[in-house]
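Colleague: Each chain is listed here by its residues.
2 protein chains.
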Amino acid sequence: MFFEGSEKKIKVVVGENTPCLRSLGRSFWEKIVIQSEASILSVVQNEVCDAYLLSESSLFVWKNRFVMLTCGNTILVDALLYFLDQFDNIDLQSVCYQRKNEYQPELQKSSFVEDVERLNARLPGKSFRLGTLDSHHQYLYHLDRPYRLQPEDETFELLMYHIDESVAAAFSQPNQTSKEIRKMLDVDRLFRGFEFDDFVFEPCGYSFNAIKGDRYATLHITPEAAHSYVSFETNLDSEQAMRMLSHFREQLKPSSWDVVALGILPEVPMPSQTLQLSESSLSLSCGFDVRFSHYQAQERKVMQATPLHSEPQTTELHGA
Amino acid sequence: MFFEGSEKKIKVVVGENTPCLRSLGRSFWEKIVIQSEASILSVVQNEVCDAYLLSESSLFVWKNRFVMLTCGNTILVDALLYFLDQFDNIDLQSVCYQRKNEYQPELQKSSFVEDVERLNARLPGKSFRLGTLDSHHQYLYHLDRPYRLQPEDETFELLMYHIDESVAAAFSQPNQTSKEIRKMLDVDRLFRGFEFDDFVFEPCGYSFNAIKGDRYATLHITPEAAHSYVSFETNLDSEQAMRMLSHFREQLKPSSWDVVALGILPEVPMPSQTLQLSESSLSLSCGFDVRFSHYQAQERKVMQATPLHSEPQTTELHGA
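Protein chains in written order, with our numbering: chain A, 689 to 1008; chain B, 689 to 1008.
I should point out that these hints are in silico values taken from the structure, not numbers from a laboratory.
Please note: incorrect hints may appear among the correct ones.
For identical chains, the list gives no copy identity; a pair is met inside one copy or between any two copies.
[What the hints assert, rightly or not] EDC-like, lysine to aspartate or glutamate: derived pairs with alpha carbons at most 20 angstroms apart: (1) Lys989 - Asp977; (2) Lys751 - Glu853; (3) Lys797 - Glu883; (4) Lys900 - Glu735; (5) Lys941 - Asp773; (6) Lys989 - Glu955; (7) Lys751 - Asp876; (8) Lys751 - Asp902; (9) Lys900 - Glu955; (10) Lys941 - Glu725; (11) Lys867 - Glu883.
Note that the coordinates shown come from a computational prediction; the quantities given were computed from them, not determined experimentally.
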């Protein structure tokens, strides 16, 4: 049973002529989420933000913006198009749609290029790939309209592949509690003072959302051994963000990882015995910068071959 | 315009109760090749082998065996199933079907898993993945029947990704002649005494076949800058094979490359400033070994983002 951990992500900022997005209420956002073929599990709130945990990742809603991430086999672009359909005259300031490289893109219901065709039929946009096709890469589409980035728009993503096997095994134990996982990750300490929400999936997997003022952090773990994947994303200021990136990378010890920075592009601290394989950055015509960096631990991974024949073979040899 | 350079490959060995495969003639093999949606361009022969250059890669036919490689968007498994259909009672000794990881698997007409479902409906087989899903890997299916490997079964494949940019640019020049490309690759010297056949594709791309007795070598170049790919494969003895692998790797300077060895698994000479990222080997139940190794040049690749919007955007912003 394969589960695609890698996410698609949309971020939308609307202007002052659009109703407060939070005031649309949970039922409105439930319909948006359902369009992507995910569902809402729970919500925490503070004075400016509603943070929803989803069956596949997360949704954060502020007065004039929302960020939605979905993994698995969801069709996030359907959620965005449905959102646009709910307004006669929406004042869009910024739209950004990203897709991380998937472990198994051939199992997805749509390709990035197909998604972009549908978006382009509605919005004038530009799209790019950062990174190489045969290794980690990132697809990005943005509304081609000038936008002045706010401090809370600046986000950092840490995408971790093939985490340490013993850590992955610990996350894959049956009947884990969120308390045990929070302890392993040391997140209670890390997110003191945040509104915090988390969920342990069956048979495995873990998600959390954390919010404080207009800042958020979210982590999603797909621990399955052959294709483990953990994503962490935050719009905390770059100093705090870099500290958290280092924290999770040290705890999870991935074989390879990517950092995606939107907005300011700080130096990413690099542990020893690490090779940065690629870096691709871009000044978008809408007015902000994006950088994708792909890192690799300098280690030789001796691996078992993965059997793909789960059933005993009973077929007789043709003609033999 | 994207062209998938990475190949699918089948190798079939038949027993003595099957007619001589060469005697079936070009018209027979033309029909097999057409099933995969490729076509025959030319043929060279020696006393034991017919070597066909295809519109997408190569086909080698001996008395009791054939090896067929196809790249692009071909469906090689159709060719294999059609081949089986041509015999009432075929004495199959060995069947091996491989698929290299594709640059864009979502553009392929079938996935490896789908191919294997069709094969398993006809032949009792086992299938595996060697290497990691998010990086280079190799899929392999084999007939689950004991087979004693012959010296001429032992093959080495060198799969090179992102070759040196100036070399790729040289191969992408318009109106190149095969003579110029042979000179660049120094293949006239390397394959002295071989029957040799090659083809220069429009707008770019190059293939050669070389045969000598029951041994073959074949090279296929897809030089397009963003996803250049070159494969070299041979069943020459391991000493000669390793010398040729080193030769092509030194000339083409790929950023990353894989070596696949079927049969004996010699030490692969590794240049300095190289990291072996993964190794996956397997003793197949049919009686021979396979090893997949993935190598990476220790260099930081600073890349341009690849624009995916080829058309000027004329769509008006919805509702704005």
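Colleague: If a hint holds in the structure, say so; if it doesn't, say that too.
Modeller: We went through each hint and held it up to the structure:
When the C-alpha separation of Lys989 and Asp977 is checked against a cutoff of 20 angstroms, the pair qualifies only between copies, where the shortest distance is 19 angstroms, while the shortest distance within a copy is 34 angstroms. In this assembly of identical chains, the alpha carbons of Lys751 and Glu853 never lie at most 20 angstroms apart, being 41 angstroms within a copy and 48 angstroms across copies at closest. Taking CA atoms no more than 20 angstroms apart as the test, Lys797 paired with Glu883 passes in neither setting, with 34 angstroms inside one copy and 47 angstroms between copies. When the C-alpha separation of Lys900 and Glu735 is checked against a cutoff of 20 angstroms, the pair qualifies only within one copy, where the shortest distance is 9 angstroms, while the shortest distance between copies is 78 angstroms.
Within a single copy, Lys941 and Asp773 get their C-alpha atoms no closer than 43 angstroms, and across copies no closer than 51 angstroms, so neither meets the 20 angstroms cut-off. For the identical chains of this complex, Lys989 and Glu955 are inter-copy neighbours only, at 17 angstroms across copies versus 28 angstroms inside a copy, given an alpha-carbon limit of 20 angstroms. Taking identical chains as interchangeable, the C-alpha atoms of Lys751 and Asp876 are never at most 20 angstroms apart, the minima being 27 angstroms within one chain and 70 angstroms between chains. Taking identical chains as interchangeable, the C-alpha atoms of Lys751 and Asp902 lie at most 20 angstroms apart only when both belong to the same chain, with a minimum of 10 angstroms there against 73 angstroms between chains.
Taking the shortest alpha-carbon separations for Lys900 and Glu955, neither the intra-copy value of 25 angstroms nor the inter-copy value of 55 angstroms comes in at or below 20 angstroms. For the identical chains of this complex, Lys941 and Glu725 are neighbours neither inside a copy (32 angstroms) nor across copies (45 angstroms), given an alpha-carbon limit of 20 angstroms. Taking identical chains as interchangeable, the C-alpha atoms of Lys867 and Glu883 lie at most 20 angstroms apart only when both belong to the same chain, with a minimum of 15 angstroms there against 69 angstroms between chains.
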